[in-house]
Each structure stands twice: as C-alpha cells, then as structure tokens.
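J.: Chain by chain, the residues:
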Amino acid sequence: MSLPPASGTGRFFAKAAKSIRLIRQGCTNRPFFHISVTQRRRLNSQPVIEQLGSYDPMPNINNEKLVALNLERIKYWLGKGAHVSPPVAEILGLSGFFPIHPRTYMTAWRNRRTERENLAKQLEAEKSKEAAA
Amino acid sequence: MTLLFSKIAQNNIKTVITRNNDLQILTISYRKLSIVPSLYDGKEDPAPKFFSSNVQVLLKRLTRPDFNKVFRKRTNSGLAVLRTPKYKFLTNEELEAEILKANKKADVLLQMPPVVKVHQPVDDVLSKDPALVGYDSAKYLFTDITFGIANERRLIVERDPDGTLRHCGHDVRKRLNQTYFPIPGRKIKEPMMFTNEDRFNSLLDRQEYEFLLDRACLQYEPDEASYQRITSITYQHIDMNKSYDLLRSTRHFGPMTFYLTWHQSMDSLMLELLQSGAVREGVLLAALRQALLGDVANGDNAQALAQQILPTPIQLAKPERLTEEDIQLDNKCVECIEEYIVSNSAMKSQQELALQGFREHYQQLIELSRGLKKAHGNA
Amino acid sequence: MCSKLLSMRSLIQPTNAILRQVLICQNKTTPNLKTFTTSPVTCVNFFNKLPAEKLWKSVTSVSNAGAKKGRGKGAGRIRIRDLNRGQVIGVGKINMLWPGLSAPVIRGRELLKQQRLPDDPDRMEKIIQLRDSMTKFRRIRLSPIERGWSGSRMPGRSIGAPDPIGEDVFTGFDTKVLQLRSLLIMKGSLGRTRNYQAMVVTGNGQGLAGFGLGRAKEAPAALRKAKNRAGQKLMHFEIYNGHTIFHDFYTAFGKTKIFVQKKNEGYGLKCHRAIKEICQAIGIKDLRAKMEGSNNLQHIVKAFFIGLLQQRSHQQLAEEKKLHLVEYRAENEYFPKVVASPSEVRTKEEIPKDETLDFTQYVMNDKVILKKKKFPPFYESMPHYKLHLKKYEKYRNHEKIRLNLKSEYGEVKSFLTDKYPEEKVETET
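Residue numbers (our numbering), protein chains in the order written: chain A, 1 to 133; chain C, 1 to 379; chain L, 1 to 429.
Quick caveat, the hints were computed from the structure, so don't treat them as lab data.
Only a predicted model underlies this, so the values are computations on that prediction, with no experimental measurement involved.
A few of these clues could be false.
[Unchecked claim] Taking lysine to aspartate or glutamate and the EDC-like style, the derived pairs with C-alpha atoms no more than 20 Å apart in a straight line are: (1) L:Lys348 <-> C:Glu98; (2) C:Lys139 <-> A:Glu115; (3) C:Lys69 <-> L:Asp366; (4) C:Lys187 <-> L:Asp354; (5) C:Lys88 <-> L:Asp354; (6) C:Lys88 <-> L:Glu333; (7) C:Lys139 <-> A:Glu64; (8) L:Lys337 <-> C:Asp129; (9) L:Lys337 <-> C:Glu96; (10) C:Lys101 <-> L:Glu333; (11) C:Lys73 <-> L:Glu327; (12) C:Lys88 <-> L:Asp366; (13) C:Lys86 <-> L:Glu331; (14) C:Lys88 <-> L:Glu331; (15) C:Lys187 <-> C:Asp129; (16) C:Lys174 <-> A:Glu130; (17) C:Lys86 <-> L:Glu399; (18) C:Lys86 <-> L:Glu319; (19) A:Lys65 <-> C:Glu93; (20) L:Lys322 <-> C:Glu96; (21) L:Lys322 <-> C:Glu98; (22) C:Lys105 <-> L:Glu408; (23) C:Lys189 <-> L:Glu408; (24) C:Lys105 <-> L:Glu333; (25) C:Lys104 <-> L:Glu331.
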C-alpha cells in the first residue's frame with residue numbers, strides 16, 4: 001500500500017470536536033463518498049480518524065444507490081458527542097437509524113412541485129398546439 | 001411417480017426423435033420432460049431429519065469413504081506449482097495419532113452440504129412515509145457493516161422511491177453480502193454454467209457431477225431455489241446413468257441418497273448395491289428410508305440391523321474370507337432386504353435377480369472360507 | 001587497409017600481363033626478325049622481384065610497438081592467402097582450349113584443336129570469393145538443437161552413443177561433452193606440447209549413466225576416447241517415481257560441496273549445467289542443486305555421482321532409523337502416507353534424546369544449506385518508485401474491470417454507455 005488506508009490513520013485530540021461527514025473519494029465524473037469521522041476543524045483531504053461507511057451516489061445497473069454503515073461505530077462516535085453533517089444525517093434518516101431529516105422532506109416536496117409544474121407546462125403547451133392546429 | 005412417468009416419456013420421445021428430422025426442438029423438450037427439478041418446498045421440512053444424528057451416521061456410512069479417493073490429488077488446492085513432499089520419521093504411537101488427525105480431516109472434507117427447505121420470500125415493511133415520494137427515483141440500499149455479524153443476520157434494508165422502508169429480499173441480501181464481504185470464488189452474477197442450459201447439459205453429459213455440485217455449493221446458499229433445482233437435476237441425472245461411483249467418497253453422496261430416498265426413487269441405487277454385493281449397505285438404505293418416510297415393512301428390524309452393521313469396518317472391496325459372525329450378519333441382511341423387496345420395491349424382479357446372484361456367489365464364498373478354516377485348523 | 005587490399009588485387013594482373021607479353025613477343029618474333037633486339041627485356045618489377053613470402057610479410061607484419069598495443073589481432077587482422085588456390089594450369093582469363101593441357105587430345109574419335117571458347121564472365125568473381133573465404137574467420141553455424149552451452153563450442157554438445165564393443169551396441173545412449181580443454185606438457189625433447197583432455201557423460205535416460213575422461217593429441221580423439229571410456233563405466237541409478245531422486249543429500253569431492261534437493265514434478269532441473277546434463281543422461285527430471293566452494297568441473301561431476309550412489313531407499317532409511325517413514329503431500333491435503341516400515345519399530349523411550357529425527361537434517365548429514373538474505377530491489381528505496389506507486393494506485397483494478405466488462409458485454413462498456421450515447425460519439429471523433 002503506497003497510500004495511507006482510508007479506514008483512518010489520522011491523529012486526533014480526545015477532547016476536540018469531531019464530525020461525521022461525507023468525504024469525496026472517487027475521481028473526475030465519478031463521485032464516491034466515504035462516511036468518516038474527523039476532527040471538525042480539519043480538511044477533508046487530511047487523514048480521517050476512522051471510516052464508518054460508504055455511499056455511492058451513482059445508481060447501479062439495478063437503479064440502486066448503495067450505502068454501507070458501520071452502525072456499531074457510528075453509535076460509539078455519537079456517544080462521544082460527534083457532530084453529524086447534514087448529508088450524513090439525511091442518509092441516516094433514510095436508513096431509519098435517525099428520524100427523517102427535514103431537508104429530505106423539503107427536497108421531496110420541491111421535487112414534487114417541479115414535477116407538477118412541468119406537467120402543467122406540458123399540458124398547456126399541448127393545448128396551445130391544439131388551438132393553433 | 002413423476003420420475004417414473006418422465007422416464008417412460010423420455011424413451012418414447014427418443015423413438016420419436018429417430019423418426020423426425022426436427023431434432024433441436026425435440027431434444028429440448030426431451031430434456032425438459034426427462035428431468036423435472038424438484039425442490040424441498042413441500043409441507044415437511046427435511047432439515048430436522050437430515051441433521052438428526054441417526055440419519056447423518058447412515059448417510060456417512062453409505063458414502064463408503066475410501067481415503068485414497070478422499071485425499072486424492074486435487075487440482076484446485078490453490079497451488080500454482082506442486083510443493084515438494086515432506087517426510088517424517090514416526091513411531092507407532094505417533095503414526096496412530098497422525099492417522100487419527102487424518103480421520104478428522106476426512107470428516108471435514110466429507111462434511112455434507114445441508115439439506116433444508118427452500119426459504120420463504122421476505123416481506124417485512126418497517127415503515128411507510130408518503131411524504132418522501134419524489135425524493136429520489138433510485139432505491140437506497142443500506143447495509144450494516146458492523147464487524148463480526150454473520151451474513152444471515154446482517155441488517156440490510158431498502159428505502160423505495162415511494163418512501164417505504166423494508167427488509168431486503170434474499171437475492172439482494174446475497175448480492176450485498178457478496179459486495180461488502182466477498183466469499184472467494186462466488187460470483188455476483190450467476191455463472192454461465194448454471195444459467196445457460198446448453199452448457200449445463202454438456203457438463204451433465206460429460207459426467208462432471210462433482211465439479212458441478214462443488215461449484216453450486218460455492219455459488220448458492222443451500223436454501224436457495226436455484227441451488228435445489230440444479231442439485232436435483234444433477235442427482236436425477238446420476239440416478240438415470242447409475243454412475244453413483246463418481247460421487248462415492250465425496251461429500252455429495254449423502255445429500256444425493258437423501259434426495260433419492262426422500263422422493264422414494266432410491267430403488268436403482270438399491271439395485272446397484274445388490275449387484276455390487278453390498279447387502280449391508282442395502283440394509284442401511286432401507287433403514288434410512290424407514291427413518292425418513294417410515295413406510296418400510298418391518299422397518300424397525302432394518303434399523304436394529306443397521307445398528308449392528310455400523311460398528312463393522314467399511315467394505316471397500318468384496319471380502320475374500322468370511323468369519324462366522326460375518327455370515328450370520330449377512331444372512332440377516334439378505335432376509336431383511338427380501339422383505340423390503342416384497343413390500344416396498346418398485347423394481348422387484350430386477351432386485352430379486354440381483355439378490356439371487358449375490359446368494360449364489362455368497363454360498364461359494366462361505367464354502368471356500370469354511371474349507372480353508374478346516375484346512376488350517378482352529379489356530 | 002583498403003589500399004593494401006587493392007594492391008593485393010592488382011597482384012593478379014601482372015602475371016597475366018607477362019603472359020600476354022610473351023605471347024606478343026612470340027607472335028612478333030617469328031614472322032619478322034627485323035624487330036629482334038639483343039637488349040634484355042626488363043620483366044622485373046616490384047611484384048616479381050621479391051618472393052611471395054616476403055611480399056606477404058610486408059603486408060601482414062605489424063610493428064613491434066603496434067603488436068604491443070594489440071594491433072594485428074582480432075577482426076581486422078590481415079591473413080596470408082594462397083593465391084594459387086582455384087587456379088588451374090591452362091585455364092586463364094581468356095578461355096582457351098589447350099589439347100593436352102586443359103583438355104584431352106582425342107575426345108571420342110575426334111582430334112581436338114586448340115581453340116578459343118566463349119568467355120566465362122564469373123570466373124574472376126569465383127576466384128575472389130574463394131580467396132575471401134580463406135581469410136575471413138567463419139563461425140560454424142549450428143542448429144539450435146545441436147548447439148552446446150555456448151554456440152559451436154564442444155562443451156554441452158552431443159556426440160552420439162559410444163562405439164559398439166564387439167556385438168554389443170549402445171542403443172538409446174547419448175553422450176554429452178562436459179569439458180574439452182587443452183593441456184600443455186613440457187617434454188625434454190619436444191619442449192612444450194599440447195594435449196587435449198575431454199570429459200563426457202553418457203547415458204540412456206533410464207537410469208544407466210557413466211562418465212569418462214580422455215586425453216589425446218587431438219580434440220576429436222580425446223572426445224572419442226572419453227566417450228568409449230564412459231560407455232565402459234556405466235552405473236545404474238534408481239529414479240524415484242521416474243522423475244527425481246530419493247531424498248535430499250549432501251555430497252562433496254575435494255573442495256566442491258553440492259547440496260541436492262528432491263523436488264516435485266514440473267519443477268525442472270535448477271542446477272549447474274554439468275549436473276543438468278548428467279541428470280538428463282540418467283533420466284532425472286526434477287531436482288535442485290546448490291554448489292558451495294570450488295566449481296572445478298571434474299570435481300562437480302565426481303561429487304554428484306558419488307552423492308547419487310550413496311542415496312538410500314526409503315526402506316533402507318526406515319530400517320536404519322527403525323521408525324516408520326511417512327510422506328505428506330500438499331496436493332493430497334497432507335495425508336500421512338506410510339512409504340516404508342521397518343521390521344521392528346522403536347518406541348519413544350528407546351530413542352535417545354540427541355538423535356536427529358528431522359528427515360531432511362538426517363539425510364543431509366546435518367549439513368544446512370546457506371540461504372542468502374534476499375534484499376529488496378534497489379529501486380524500491382528511491383523516491384520515484386514511491387511516486388510511481390501513488391500514481392498507479394488508482395489504476396490498480398482497471399485491467400480486471402476491463403476483462404470483466406469484455407467478458408460480459410464483448411467490449412469495454414457498461415450499462416451507462418447506452419444511457420449516454422453522446423459520450424461514445426465524442427470519444428470516437
């Protein structure tokens with residue numbers, strides 16, 4: 001192994017604030033995230049304390065997004081008072097581990113609204129076409 | 001009964017094939033008709049019977065383990081080049097200890113793949129949240145990768161686009177387990193040899209049964225429908241060709257015998273045992289049937305006889321000399337099998353013929369060994 | 001150098017010129033005596049004043065200082081050529097038929113007449129080619145099968161079966177040269193004389209083999225002597241399972257030490273080339289041998305033969321130790337297979353404490369092979385190697401993925417390729 005393992009080699013202070021967040025791995029045009037715990041004031045490019053899971057935002061061939069969570073370690077770090085970043089909180093909410101994050105509801109509502117609007121626009125366009133014809 | 005019918009049908013169709021030129025369609029239908037896969041999906045669960053120590057012992061004995069075959073040279077032992085053999089000087093006691101160790105290793109090598117009922121589909125909704133509709137068009141699959149949890153008990157849930165949170169089905173669970181905790185040799189996509197019918201049939205025709213069953217054990221879980229489908233077809237193919245010897249001394253002989261007995265089609269196996277002169281194993285087979293189905297006439301007698309047979313050494317070849325105890329035991333076995341043939345057998349005439357042949361051969365053997373004993377004296 | 005060569009080529013012409021002159025003289029003198037003069041004709045020039053020997057010396061000689069510097073050796077060296085080779089009396093530049101000289105006087109019933117035949121344009125070229133072939137050093141080309149250890153040199157080459165003795169023919173035997181060298185011997189009357197010494201091994205590949213040493217004044221004679229002597233000294237060796245030796249052993253001759261190891265099928269012969277030839281002659285296929293100390297070839301051969309002869313069969317070993325000899329093979333899941341049992345077995349109490357029970361140690365006579373420490377390659381400690389590892393870390397699984405995609409779709413594509421066809425068009429353009 002030439003690169004340090006992503007599963008965590010970062011040094012940390014016991015009493016410093018920790019944060020569970022998504023850390024982008026992958027490469028250009030191919031996002032892939034590690035769910036990791038780091039010190040809160042540390043850059044995402046620096047070694048993390050521990051990797052707690054992974055999240056693949058690109059749907060696979062079966063139209064599924066895969067999330068892996070090490071629930072035992074997540075519980076441990078939450079018990080230590082780690083802060084959870086909103087995207088991770090959303091994922092944990094969807095998994096049923098947390099209550100659903102408000103932002104998830106907002107996104108769902110906005111998506112429904114835009115869909116509705118698009119549908120309405122389409123209908124209008126069809127009507128105007130018919131009228132023109 | 002379905003099996004019997006299918007065999008008759010197969011013969012008929014073979015004659016049809018010779019007349020018709022349209023071979024391909026017919027051969028496919030012939031294959032479909034000849035072997036009908038049958039799963040353990042009835043009301044009764046085979047697992048408790050299979051795992052009961054009584055049946056396990058019978059199945060292991062019926063495997064007739066020959067150490068030359070159990071420890072044969074394997075190409076799949078994971079070595080790129082052959083290693084240099086190692087030598088040791090051993091005293092008698094050490095040698096016995098080593099042989100005991102080897103016996104234990106043989107037990108591991110001969111451990112039978114479990115026979116269980118097909119699993120039930122999972123339908124376990126955890127929560128429904130209609131407010132989440134429209135959040136994403138893709139499913140979310142969540143896997144708990146906590147260290148030290150068995151694959152079967154791992155928490156794997158999915159969030160559907162309509163906001164339902166539910167436990168995943170068996171297929172998805174298997175896929176995700178293989179993604180995060182890969183079993184070496186198992187493929188996420190099913191191998192062609194199982195999905196492609198032509199390739200599967202060509203393997204069967206080449207009698208690569210052990211390879212097929214080994215690979216199936218690796219690729220599937222024992223409670224999967226596809227595993228049971230593949231193994232049942234293979235077992236029936238073996239039964240049709242009477243090539244039981246290919247599976248002897250391997251871990252698959254037990255499940256095959258169990259399968260044949262469970263479906264009451266072990267008569268050609270019985271015939272093979274009688275023809276090869278293994279009457280003791282014939283009694284064991286009858287006892288197995290009694291243990292599984294309980295429909296053998298005078299079955300308790302067979303089971304009691306089986307308890308007498310089990311302590312005797314395994315007969316890998318036909319015996320050349322007989323002691324008086326052997327003769328007594330074998331005579332009892334012959335009587336027991338006679339009863340079985342009369343009451344339960346579906347191939348009565350053939351089996352009786354084979355038994356008669358055995359009796360004649362055995363009579364000669366008795367005379368020979370008694371004469372020898374007389375000549376040598378009692379010493 | 002070029003000029004020298006040119007001058008040599010011009011050597012040919014004067015002789016012809018002289019001939020022609022003589023001819024002309026004859027032609028001229030007979031009809032007209034008026035032109036006859038008594039003054040001597042000077043037919044003497046640089047080329048016919050000196051003997052050929054001296055002429056050649058002037059071309060080929062190297063000055064004393066030059067010789068010290070190593071001139072006149074190797075590829076550019078000029079060699080003396082025999083210019084008379086390829087020349088036939090009566091055949092010249094002008095193709096004449098001289099009855100009685102270059103042709104018979106009577107052919108059939110016809111009396112041949114002196115006449116001019118059509119010129120042969122290639123004659124000169126052929127002669128030059130012949131002369132060139134004399135000077136140029138040509139290596140004998142052998143087919144790869146016939147070659148020895150080093151090209152056309154004798155060591156490693158096959159010289160066939162030993163000569164039959166009476167009616168006994170060595171069928172199936174083949175002889176390999178192991179060594180052919182010249183020895184210089186001082187003799188009172190002759191001074192320093194050269195002798196050739198050859199060492200060969202002969203065998204039939206089925207357990208019979210022997211080696212021989214031969215000395216003679218000439219190399220072929222030495223080889224023949226050695227070969228025939230080897231045929232007289234055949235030894236028989238048991239081969240374990242038809243492919244290897246019975247057990248590891250240590251053997252030595254003089255300062256040469258050889259550690260030989262038994263190997264499994266398919267390992268091959270990894271040893272000194274002489275040992276390899278011996279093994280092939282005997283029929284051993286798998287073995288490893290490590291040498292320590294002197295690598296004198298004759299000692300190697302002798303030591304290896306001694307070692308082979310001193311092997312003990314499994315039964316002998318078991319009898320010596322009075323213990324069961326058990327074999328474990330990885331491909332058989334380390335099943336303990338008893339290969340030899342003694343007539344009576346010792347119990348654990350009967351074995352002394354300090355007895356060597358380890359099989360390898362016992363058969364190796366308590367000798368241990370020196371295993372040199374393996375150092376990592378020099379580049380692994382360099383900074384560029386670490387950079388390289390970092391750079392290629394992200395490509396580590398690409399080949400595998402490409403292979404999987406090819407096996408699944410027939411080309412490098414995924415389910416996303418169909419979803420985004422515009423990407424494909426871009427890459428193509």
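J.: Confirm or reject each hint.
T.: Hint check results:
1. L:Lys348 <-> C:Glu98: 15 Å, holds
2. C:Lys139 <-> A:Glu115: Distance of about 19 Å is within 20 Å: holds.
3. C:Lys69 <-> L:Asp366: With a Cα-Cα distance of about 37 Å, the restraint between Lys69 of chain C and Asp366 of chain L is violated, given a limit of 20 Å.
4. C:Lys187 <-> L:Asp354: 54 Å, violated
5. C:Lys88 <-> L:Asp354: 17 Å, holds
6. C:Lys88 <-> L:Glu333: 16 Å, holds
7. C:Lys139 <-> A:Glu64: 5 Å, holds
8. L:Lys337 <-> C:Asp129: 67 Å, violated
9. L:Lys337 <-> C:Glu96: Between Lys337 of chain L and Glu96 of chain C the Cα gap is close to 12 Å, so the pair holds against 20 Å.
10. C:Lys101 <-> L:Glu333: Measuring from Cα to Cα gives roughly 12 Å; hence the hint holds.
11. C:Lys73 <-> L:Glu327: Given that 20 Å is the threshold and the Cα spacing comes to 14 Å, the pair holds.
12. C:Lys88 <-> L:Asp366: 16 Å, holds
13. C:Lys86 <-> L:Glu331: With Cα atoms ~12 Å apart, Lys86 of chain C and Glu331 of chain L stay inside 20 Å; holds.
14. C:Lys88 <-> L:Glu331: 17 Å, holds
15. C:Lys187 <-> C:Asp129: 35 Å, violated
16. C:Lys174 <-> A:Glu130: Distance ~53 Å between Lys174 of chain C and Glu130 of chain A Cα, so the pair is violated.
17. C:Lys86 <-> L:Glu399: Not satisfied, since the Cα-Cα distance of roughly 38 Å exceeds 20 Å.
18. C:Lys86 <-> L:Glu319: 19 Å, holds
19. A:Lys65 <-> C:Glu93: Distance ~61 Å between Lys65 of chain A and Glu93 of chain C Cα, so the pair is violated.
20. L:Lys322 <-> C:Glu96: 16 Å, holds
21. L:Lys322 <-> C:Glu98: The given pair, whose Cα atoms are some 18 Å apart, holds under the 20 Å limit.
22. C:Lys105 <-> L:Glu408: It is violated: about 39 Å lies between the C-alpha atoms, which goes past 20 Å.
23. C:Lys189 <-> L:Glu408: 10 Å, holds
24. C:Lys105 <-> L:Glu333: Roughly 9 Å separates the two Cα atoms, so the pair holds.
25. C:Lys104 <-> L:Glu331: 18 Å, holds
Violation of the numbered hints given earlier is confined to hints 3, 4, 8, 15, 16, 17, 19, 22; the remaining hints are satisfied by the structure.
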